[in-house]
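*Asks:* Turn these sequences into a full structure, and let the hints guide you.
2 protein chains.
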Amino acid sequence: MKVKGKHYRTIWLKEHNPETVQIIDQTKLPHKFQILDLRTVDEMAAAIREMYLRGAGLIGAAAGYGIYLASLSAPGDPEAFEKAMTDAADLLIKTRPTAKNLEWAVNKQLHTIASEHSVEEKRRAALHTAVEIADFDAEACRQIGLHGMKLIEEIAQGKKGEPVNILTHCNAGWLAFVDYGSATAPIYAAHDRGIPIHVWVDETRPRNQGASLTAWELGEHGVPHTLIVDNTGGHLMQHGMVDLVIVGSDRTTVTGDVANKIGTYLKALAAKDNGIPFYAALPSSTFDWGITDGIREIPIEERDPREVKYIHGNLICPLGTPAKNYGFDVTPARLVTGLITERGICQPNRESILKIFPEKR
Amino acid sequence: MKVKGKHYRTIWLKEHNPETVQIIDQTKLPHKFQILDLRTVDEMAAAIREMYLRGAGLIGAAAGYGIYLASLSAPGDPEAFEKAMTDAADLLIKTRPTAKNLEWAVNKQLHTIASEHSVEEKRRAALHTAVEIADFDAEACRQIGLHGMKLIEEIAQGKKGEPVNILTHCNAGWLAFVDYGSATAPIYAAHDRGIPIHVWVDETRPRNQGASLTAWELGEHGVPHTLIVDNTGGHLMQHGMVDLVIVGSDRTTVTGDVANKIGTYLKALAAKDNGIPFYAALPSSTFDWGITDGIREIPIEERDPREVKYIHGNLICPLGTPAKNYGFDVTPARLVTGLITERGICQPNRESILKIFPEKR
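The listed protein sequences correspond, in order, to chains B and A. Per my numbering: the first sequence = residues 13 to 373. Per my numbering: the second sequence = residues 13 to 373.
These are computed hints drawn from the structure, not numbers from a lab. Wrong hints could be hidden among the right ones.
To be verified - Example chain A residues on the side facing chain B (calculated, C-beta under 8 Å, incomplete): (1) Pro90; (2) Ile105; (3) Lys106; (4) Val235; (5) Leu239; (6) Ile328; (7) Asp341.
To be verified - Covered stretches of chain B, going by a simulated chain A footprint (3 or more residues, C-beta under 8 Å): (8) 43 to 57; (9) 114 to 123; (10) 319 to 325.
Claimed, not checked - Derived CB-CB ranges, DEER-like: (11) A:His19 <-> B:Pro334: 18 to 28 Å; (12) B:Gly170 <-> A:His324: 34 to 44 Å; (13) B:Ser364 <-> A:Glu363: 52 to 62 Å; (14) A:Trp301 <-> B:Asn286: 19 to 29 Å.
Positions of the beta carbon are idealized from the N, C-alpha and C atoms, including for glycine.
*Replies:* Now the structure itself:
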């Protein structure tokens, strides 16, 4: 998407120097737009570990490029080359142990590389696969955008030129993927087509990804938006100031339960209470085909309480106050209007989901 | 309540020097416990205006003491004395234009003073009335505590020694009143009686009164508690970690709608969705007897967007990001299990409310 008027992805090969991978340093956002050069798998692993980049889709793409960088510096001797590849794979997988896409991308690379014969061919295959993984992520998000845009278009028809008000939570934006994002993809598609829209951005405590990332990317792309604290959505919905809620998903059950950033469930309740459509936008890679009860079965990450107690290094409570920091909550399918996937929109139930993903039957 | 083991109110006459009023400087909490001496009505007005003290009940008590301080320094000439009193009243009322209790307390003082003859008698009456206003506030909160404690006691009977988990939002604590608080009064009463309890404290963005005030006062009084971000309550309720929600109220309709700090409505929805009792605790002074539809009729204060964009002086979003800052929301009566008042607990409907406040029929 656009930054200062120019189109960017979150990760790409450096122009005139395809032996270097470039990324946006997300730790500097929103106050500084800085591009980092990564030349080795060690640098890529550090970038993932230290969260210079983050987000399910982007982590997968970064791992793919990481293996490619490792292949460049690996020895020409076939046996030593293979050892370098498995070392690189171990290194990358250890950076963020819970990220599903990371392991998937690394395994895809190892598999492709193993199927080639010469080291030169293996290197070419690694490059090709890295680009393919990134393109696949971007294309899935683009498709989510096209499907979701229709929902916005329909609402716009009833608004007589008034903007469609969309509320979103956390950052399921292009910064979390290679391009477009999941929850933001329909927003960008609608905006680029000239449909008048306005986005309410939840700040999303404790890490404030809404304030620092979503507000930044919407602003750079020129999408009208307003930042609010996480407490505000219900009041807005009671007063007709929200037409549609779109959030992302970190894990989706085959029965349509949606695990997403903590606080999503509260917004879904308010949407239901006020008759406002509530959609989760997600690439199908977030489906967990083996789970049917999200609230009981999806493990919820507990993070460091200091993320709650300190904001930008400032202690906001007494020093000795105990705090708890749950990263996600689960919105049950009964509160979800629909799921926007790369294959189209389906209802949050097994029948409807398997209809567009018949290979999972 | 207790601070470092000693009992305090939020406002009192200085020991051995009843011409000085003392308050806790709430702008320094939670990191510093500092007591301020106030000797003139100008100092009291500044303390209210600059929020060295805040909260509906406490503001009323402070205004009462402010008139008393004004009476001490007012000229002995009856006419000049009266002018000094009306000037003081104007000054105090202007400090926080929307605070209902402030005007009520000032008018009560003027009325009492006017009914006395000599300036000496007027001064004595002002002192007497100031103390009376503060005592009345503390006693109302104490009664709320006794009534609300019964709810906690009942739940405790089913928990076999496990603590009763209570969730609260914002600071409806003793720091907002003269003593005990409204939402916290049942909590302190239960704790002091030895009922095992644990309180989930919402941080309450944007001003974080939960983190800076509620966590502090519960900690000082020795009540077990845990700080959470505002997004967390729904997840806790889904997992059986909350037995009871108690919040305060800034304005309550005669039909039982409750206007309280922004975000209260979202917690009420989650409580309803999980079958958890949701109570508002309030002195009857918060009833607005003339309003029947809280969502349509209660005006919602919009505050400075900088409270959303900056935390402790740190900008958390891009500089140019627009933000909105609504101070309150309205929880409709259908989501409220009951109202805990100084006269007892009633259901959130006209019939039940007027049964314990028959003089308002």
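*Asks:* Are the hints correct? Go through all of them and say.
*Replies:* Hints and how they fare:
| no. | hint | in the structure |
| --- | --- | --- |
| 1 | Pro90 | 50 Å, violated |
| 2 | Ile105 | 28 Å, violated |
| 3 | Lys106 | 28 Å, violated |
| 4 | Val235 | 12 Å, violated |
| 5 | Leu239 | 4 Å, holds |
| 6 | Ile328 | 5 Å, holds |
| 7 | Asp341 | 4 Å, holds |
| 8 | 43 to 57 | violated (count 1) |
| 9 | 114 to 123 | violated (count 0) |
| 10 | 319 to 325 | holds (count 4) |
| 11 | A:His19 <-> B:Pro334: 18 to 28 Å | 24 Å, holds |
| 12 | B:Gly170 <-> A:His324: 34 to 44 Å | 43 Å, holds |
| 13 | B:Ser364 <-> A:Glu363: 52 to 62 Å | 46 Å, violated |
| 14 | A:Trp301 <-> B:Asn286: 19 to 29 Å | 28 Å, holds |
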